[in-house]
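The hints should help you fit chain X onto chain A, whose structure is shown.
Note that the protein sequences, when read in sequence, are chains A and X. Under this note's numbering, the first residue of the first sequence is numbered 795, with each subsequent residue one higher. Under this note's numbering, the first residue of the second sequence is numbered 795, with each subsequent residue one higher.
Errors might be hidden in some of the hints.
No distinction is drawn between identical chains; accordingly, a pair holds when it is met within one copy or between any pair of copies.
Straight-line distance between alpha carbons at most 25 Å, and here's what the computed SDA-like set of lysine to any residue pairs gives [claimed, not checked]:
1) K963 / E1232
2) K957 / R988
3) K957 / S1171
4) K957 / E1239
5) K1056 / N1089
6) K1211 / P946
7) K815 / K828
8) K957 / Q1230
9) K876 / I1159
Keep in mind that the hints were calculated from the coordinates and are not lab data.
2 protein chains.
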Amino acid sequence: MLLLNKFFYPESIAVIGASRKPGKVGHEILRILKENKDKGVFRGELYAVNPDAREILGVPTYPSILELPSPPDLAVIAIPAKFVPQAVDELGKIGTKNAVVISGGFAEIGGEGIVLQDQLVRIARKHGIRIVGPNCIGILCPESGVDTMFLPYEKEIGGKTLKSLPRPKTGSISLITQSGAFGVACLDYMAGERLGLAKFVSYGNRADVNEAELIDYLASDPRTRVILVYAESIERGKEFIEAAKRAVLSKPIVVLKAARTKAGARAAVSHTAAMAGMDDIYDAAFRQAGIIRVNNVEELFDVAKALSMQPPAKGKRIAVLTDGGGAGVMTVDELERRGQIIADLSGETEERLEELKRRGVIPPIASVKNPIDLTGSADDEAYVRSLEVLLESPVVDGVIILALHHIPRLTGSLPEKLAEVARGVDKPIVFCDVGQGEYAVAFREKFEEHGFPAYPTPERAAIAMSALTAYGMIRRKFLEGGLITP
Amino acid sequence: MLLLNKFFYPESIAVIGASRKPGKVGHEILRILKENKDKGVFRGELYAVNPDAREILGVPTYPSILELPSPPDLAVIAIPAKFVPQAVDELGKIGTKNAVVISGGFAEIGGEGIVLQDQLVRIARKHGIRIVGPNCIGILCPESGVDTMFLPYEKEIGGKTLKSLPRPKTGSISLITQSGAFGVACLDYMAGERLGLAKFVSYGNRADVNEAELIDYLASDPRTRVILVYAESIERGKEFIEAAKRAVLSKPIVVLKAARTKAGARAAVSHTAAMAGMDDIYDAAFRQAGIIRVNNVEELFDVAKALSMQPPAKGKRIAVLTDGGGAGVMTVDELERRGQIIADLSGETEERLEELKRRGVIPPIASVKNPIDLTGSADDEAYVRSLEVLLESPVVDGVIILALHHIPRLTGSLPEKLAEVARGVDKPIVFCDVGQGEYAVAFREKFEEHGFPAYPTPERAAIAMSALTAYGMIRRKFLEGGLITP
Chain A
795 MLLLNKFFYP ESIAVIGASR KPGKVGHEIL RILKENKDKG VFRGELYAVN
845 PDAREILGVP TYPSILELPS PPDLAVIAIP AKFVPQAVDE LGKIGTKNAV
895 VISGGFAEIG GEGIVLQDQL VRIARKHGIR IVGPNCIGIL CPESGVDTMF
945 LPYEKEIGGK TLKSLPRPKT GSISLITQSG AFGVACLDYM AGERLGLAKF
995 VSYGNRADVN EAELIDYLAS DPRTRVILVY AESIERGKEF IEAAKRAVLS
1045 KPIVVLKAAR TKAGARAAVS HTAAMAGMDD IYDAAFRQAG IIRVNNVEEL
1095 FDVAKALSMQ PPAKGKRIAV LTDGGGAGVM TVDELERRGQ IIADLSGETE
1145 ERLEELKRRG VIPPIASVKN PIDLTGSADD EAYVRSLEVL LESPVVDGVI
1195 ILALHHIPRL TGSLPEKLAE VARGVDKPIV FCDVGQGEYA VAFREKFEEH
1245 GFPAYPTPER AAIAMSALTA YGMIRRKFLE GGLITP
Chain X
795 MLLLNKFFYP ESIAVIGASR KPGKVGHEIL RILKENKDKG VFRGELYAVN
845 PDAREILGVP TYPSILELPS PPDLAVIAIP AKFVPQAVDE LGKIGTKNAV
895 VISGGFAEIG GEGIVLQDQL VRIARKHGIR IVGPNCIGIL CPESGVDTMF
945 LPYEKEIGGK TLKSLPRPKT GSISLITQSG AFGVACLDYM AGERLGLAKF
995 VSYGNRADVN EAELIDYLAS DPRTRVILVY AESIERGKEF IEAAKRAVLS
1045 KPIVVLKAAR TKAGARAAVS HTAAMAGMDD IYDAAFRQAG IIRVNNVEEL
1095 FDVAKALSMQ PPAKGKRIAV LTDGGGAGVM TVDELERRGQ IIADLSGETE
1145 ERLEELKRRG VIPPIASVKN PIDLTGSADD EAYVRSLEVL LESPVVDGVI
1195 ILALHHIPRL TGSLPEKLAE VARGVDKPIV FCDVGQGEYA VAFREKFEEH
1245 GFPAYPTPER AAIAMSALTA YGMIRRKFLE GGLITP
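For reference, chain A alone in the conformation it holds in the complex (with noise of 0.2 Å):
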């Protein structure tokens, strides 16, 4: 564990195959890193290796890995396969017990490939050194400005210059990946949609450290609340499922395992060469593992999301708190699709909102039955007071709160104001506003600004909150020691 920190909080950093030309691979992560640390993002020691400078993008530059002035905690390694061993046998040498090996040229070309990458673990094992790669992208973290994403940071479109490859902000959702190229694309699409990112792993050929390793470390990390995982195959898949079993009692672990059909797995096989496995095979490990499986590169941000900014549900009865008849219909279906039950609110919680309507706080044509659909003539006192009795009523697990924002008497303010009647509550909570315009963007980031986790259909909304029971039942099936049935 403690090695696989430096990883991730290296005090010094040395690219091996530091490059002048821009564009080059090992020019490109020494300008990144450069740049963090200029911009005391990585507080650490940074140092570069090349035969021919002494200085590169203003980084102290050594001839050889012998001759840096002390052992980096952590290598990044951008030079041709075959000279990856020796380089990591002088790592060896000199101390250094963490690299990331970008390089390709492994065992994914098969044949001298394999041998080369046989004898770089052999060398890294002789002297004690962990191996992310190689084949790989790397790491980030944007907490401490390790970045090794060596990809254009900008490019040019339509006469404008726009960044290429956008950085999450630092928040709590990691990714480890299988493939580097979907990593970068995740990264991009976390940038975009305000999700902010933990540790990111692209771990390639996995020669030495695996997925089962990289979940035990983000289990035991601080500041990741979830851990996603992107992989086409898994390997020595008894150590994954162990390591997920015992991660998914402090955290929930999300897998998207491409290859699910048999086209989809013959594709896999042509380009990792890793033996994509029979579905159904990792569906019932994944089950038994306590892993969330989702179906589709959406759903893994959209499940992440609420994973991340809500607590899990301690039941599956949901409320839907609507101002559109329609939309809640579409809710509920949803809902009902993912195996939720729709609370039942006949009793103490509907004899609470139908004196709500006898006050004239909701209007009168509401339903009161779930889905509440509060009309198109609700104000943000009808949703505050509805959803402190759905908050307070026992048999309600979590509600999802769908605001047409439309409505002439909703205002910007209903966001803070419903966070007032959550905040210190333990139930999920999941928002829904339908529309792409200005208005309704800006409303879902008040909203998630707020702790709320925010989507622009209801189905999304209502397979967000159905990953948020899956993880509330995962988790008290694993405290109370018993296994998962299906």
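Chain X in isolation, oriented as in the chain A frame:
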């Protein structure tokens, strides 16, 4: 048909129940129509009816309908329900033939509301007046400037005033909706997603004009390329199905039918007083009519976008062209889940791609099996030449281009280069770049400017392509006079 046309292209409009008071429905509708007239979007005459004013917002105002200088082509009625039948009677006397009744308080409230609605319909029939509504949001036609969307145009949030109900630009997607609140949210969604609108109708209680007639009208409307329907229940199902069958020969119909599940149906009953029928009956009827049914709000618009921009596919054999193996695998997964065929390229197509490899046009490590993985070394030319091969291939019916923009050698000119290759080709192409950062968004926008529907996740692109093959199949079967089999 001709009569319905005046709802969208009237030469004169009278707002019955126009008000001086901002926020009132009769004020907001008049204000919007006046603005559209001032902007030159609405080119006809505009009148207001109000007993106590001679002029409102600069619009000539008359004390009663009977005193209007000439019968308006379209009357928009926003007065209390009990006065509506008389107003319609007066409209009949002066010779107006089309009225949108915004007012609520009819069948949806039961009891006397039902009686009032019957009376309204009787009077309208007597005069040969067509009614949209009552209890609706009405009509939006960005092309002609007819716009009865009375909900707040702007609202304040976080100290800023933002457009609360943005209108979509003029385009080729038409939407008819049972739910007004959800309809408004759809307009907001379309505006933000840059989807163009031809006609929008919120038909409310459909006392007179119903879904079937609207579908017939939209089928004949040259501006409409895709017809979207949102409904919780469908009345006069046989007429609806017959209208749909006629329409799908010329344009696709996509239906989002809520109240799919038992819980959803229960919720819908309390919401609309309309009987939400058994879902499998709807399913069978939709299939028989050649209607494309979608599962959620996002799919509705994703599919609409694809159908409005690309030709239907002649078969289900799809090729995926990518620079990210993982994303390719996910695309193939979703395609297979949706019943598509992953095109088998072996033979001539693969040979031509191999030839590109030999000539150094596509990288030597590329995989030329479907999904074709050009890898992170790909450049624009590799995409252009590969797409050319796929479009010419007799074994490919449609192509999903998945260009993760992050890699170094792809440029912002890719969209126009690919558009050049695709010009005049009658095979659908769908685009995907994963990411929500500024470059990804700009890249997708540029693809859309060039006519390629673009999506931020592989699965959404695959769903869009599946709709293009579904509509292709529907058209073939209907043109052959056969029936659709599941």
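Now for the hints, and whether the structure bears them out:
1. K963 / E1232: Classified as both; 22 Å inside a copy, 15 Å across copies.
2. K957 / R988: both (15 Å within a copy, 22 Å between copies)
3. K957 / S1171: between (43 Å within a copy, 20 Å between copies)
4. K957 / E1239: both (22 Å within a copy, 15 Å between copies)
5. K1056 / N1089: both (15 Å within a copy, 24 Å between copies)
6. K1211 / P946: between (43 Å within a copy, 21 Å between copies)
7. K815 / K828: within (15 Å within a copy, 61 Å between copies)
8. K957 / Q1230: This pair counts as both: shortest intra-copy Cα distance 22 Å, inter-copy 11 Å.
9. K876 / I1159: Intra 75 Å, inter 18 Å, cutoff 25 Å: inter-copy only.
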